[in-house]
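Peer 1: Read off the chains here:
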Amino acid sequence: MRPSPAVRRPTPAVSGLGRPSWLLVPAALGMLFILLPVCAMLTRISWPDLPALVGSPSSVAALLLSLRTSLASTALCVLLGTPMAVVLARTSFRGQGVLRSLVLLPLVLPPVVSGIALLYTFGRRGLLGHTLDVLGMQVAFTTTAVVMAQTFVALPFLVVSLEGALRTGGQRYEEVAASLGARPSTVFRRVTLPLVLPGLVSGAVLSFARSLGEFGATITFAGSLQGVTRTLPLEIYLQRETDPQAAVALSILLVAVATLVIGTTGRRRGLL
Amino acid sequence: MTLQASFSVGARGVEATLEVAAGETLAVLGPNGAGKSTVLGVLAGLVRPDRGRGTLRGRALFDTGSGDREVWVPAHARRVALMAQEPRLFPHLSALDNVAFGPRSQGARRSRARRLARGWLESVDAADLAARRPAQLSGGQAQRVALARALAADPELLLLDEPMAALDVAVAPAMRQLLREALRDRAAVVVTHDVLDAALLADRVVVLDGGRVVEDGRTETVLSRPRSPFSARIAGLNLLRGRSRGTAVVTDAGLHVEGMPEDGLRDGDAAVAVFSPNAVAVYRTAPTGSPRNVMTGVVTEVEPHGHQVRIRIPGVTADVTPAAVAELDLAPGVEVVFTVKASEVAVYPA
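Chains W and S supply the protein sequences, listed in that same order. Anchor point for the first sequence: position 158 equals 158 in our numbering, and the numbering is continuous, going up by one each time. Anchor point for the second sequence: position 278 equals 1278 in our numbering, and the numbering is continuous, going up by one each time.
The shape of chain W in the complex, shown without the other chains (with noise of 0.2 Å):
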């Protein structure tokens, strides 16, 4: 059992001291410029369709490895991206400030780009291309660089909100609890992992949506091959040329899921 949210946070002020009123007009064409493309594109769905164009083969083998792929490379951020942040936000040493800039590159670099370094790291030719070929292992264009795609771009997400939940969480409780005898690891564990389970839980979020809209990396790294690496969007972007109404449907499913999962585990946290 959590406290109730109103005893946790205090609750917002309602008056609108510091909210200029004219700040209303950009702020509702903000929302419209998100919402009225969502739209337009509901007004494009021939809905009896609808079933028949979601449930095709290649539709189904789409989004069930866009899932599957998202959620494992939410697993390998949360892996690799939490013992990156707690080393981030509790050390101090030479050049941290680089080596962050450098970590957040992924959020910078156009995914196109991702995908190529990628390639030339681990494609065949790339720079562990060989030893990975000699170990008998072939990543590029299977569903691991998928996998390894999805995480390169997502990966930053996770980092970002979890050191700041990190330094926001502050290092007084874990102060007290190794006064209290807990060696580090149970620090970590019993103290530090609990207080910022919520920054860890928004990360995870991010970067599952991140991860479930990758396109460029994927398609340059992984290739496109129905079932192995063509996930929702390749999918999406390949029947916009032969069906658009089936590109239409697909997409509709995407933002579905998409508001499914930040709805359900964001929105009710109130952590996005």
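It is possible that part of the hints are untrue.
Examples of chain S residues toward chain W, derived with CB under 7 Å [unchecked claim]: (1) 1044; (2) 1048; (3) 1062; (4) 1064; (5) 1092; (6) 1101; (7) 1102; (8) 1106; (9) 1116; (10) 1153.
Non-contacting residues of chain W with respect to chain S, defined by C-beta distances greater than 10 Å in every case (computed) [what the hints assert, rightly or not]: (11) 25; (12) 50; (13) 53; (14) 67; (15) 72; (16) 79; (17) 86; (18) 107; (19) 109; (20) 121; (21) 132; (22) 134; (23) 176; (24) 183; (25) 256.
Calculated directly from the structure, the hints in this document are not laboratory data. Just so it is clear, CB atoms sit at the ideal spot from N, CA and C, and this is done for glycine as well.
Place chain S on chain W using the hints.
Peer 2: Just chain S, lined up with the frame of chain W:
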């Protein structure tokens, strides 16, 4: 000695030596920025001293150089529990699990840790709060739980950092009483700026100023015969420093303060003249033919002080009745004359 520590922290300008005997409570007093929190940090293992050595019951806590290699026992292995100004209860755990945290961390099973925790909660009158979350506790309740949590960790040394500072005045007396019982026969260091904490909780007092120990002694001695301006202030006494000459103390500013010197004080020794603000009489013009000590100055402060009014001129305060304030028309900026009888002034070595 339970605790012996002598260390310096260059970055914070602190250089201190502390000792705590078995079962003794030591109060660390001092103005803001004197280095009190740094001292606790070093003992708790949160601040690394540049130089120094500390032992607790004969085992080294830290040692920067006397042996072959540096010793630094991490915070969790020191058996030194820290209770801070704010309770810092873990917000995701119930009061009971907060108290059980220490025993659990030290290897007790959950059921045993909870049983111990219940006992400690009872000892601080908080048994009925066991199931509550920290967010559902008042400041006083939370601080009681925090005390139970620190005690449950079974520390060999308990550190308290201004344990009453965040409590409102209504609940502070009860907490102080509770601490008094808890600290009896327990080695503890209490950082405070409140004279009441020192008087009621501590056997001994050290006064820190500018990172240095300027006074060290039994609580009653320090409070009745202060030797530093800070301890005189918290003891509510006036203190003038200077050199002994005859039966007087001559300050650097050249002021002669006649008093009752302690035996053995020789001319030229560093000495202090100490007197109570109650012993000071206040005039607008100097009384003629008085054998008293006379100090003139401009009033800098007029503040209520209990049932009296405290009048401050640079370096000296006087307590007078509200009627006298009205009669003499005392206000900041007014030039006044303070007089005090030599028989009211104690003179002893600084």
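Peer 1: Give a verdict on every hint.
Peer 2: These are the hints, each one checked on the structure:
1. 1044: holds, 5 Å
2. 1048: violated, 14 Å
3. 1062: violated, 15 Å
4. 1064: Status violated, d = 21 Å.
5. 1092: holds, 4 Å
6. 1101: For residue 1101 (chain S), the interface hint holds, since the closest Cβ of chain W sits about 6 Å away, which is under 7 Å.
7. 1102: Hint on residue 1102 (chain S): holds, closest Cβ of chain W at ~4 Å, below 7 Å.
8. 1106: Status holds, d = 5 Å.
9. 1116: violated, 13 Å
10. 1153: holds, 4 Å
11. 25: Residue 25 (chain W) is indeed farther than 10 Å from all Cβ atoms of chain S, at 39 Å.
12. 50: Nearest chain S Cβ is 44 Å from residue 50 (chain W), so the label holds.
13. 53: At roughly 46 Å from the nearest Cβ of chain S, residue 53 (chain W) sits farther out than 10 Å, so the non-interface label holds.
14. 67: holds, 31 Å
15. 72: The claim stands: residue 72 (chain W) keeps its Cβ more than 10 Å from every Cβ of chain S (closest is about 29 Å).
16. 79: holds, 22 Å
17. 86: Holds: least Cβ distance 17 Å, greater than 10 Å.
18. 107: holds, 30 Å
19. 109: For residue 109 (chain W), whose nearest Cβ neighbour in chain S is about 37 Å away, the distance exceeds 10 Å, so it holds.
20. 121: holds, 39 Å
21. 132: holds, 41 Å
22. 134: holds, 44 Å
23. 176: violated, 5 Å
24. 183: violated, 5 Å
25. 256: Answer for residue 256 (chain W): holds, closest chain S Cβ roughly 33 Å.
Violated hints, in rising order: 2, 3, 4, 9, 23 and 24; the structure is consistent with all others.
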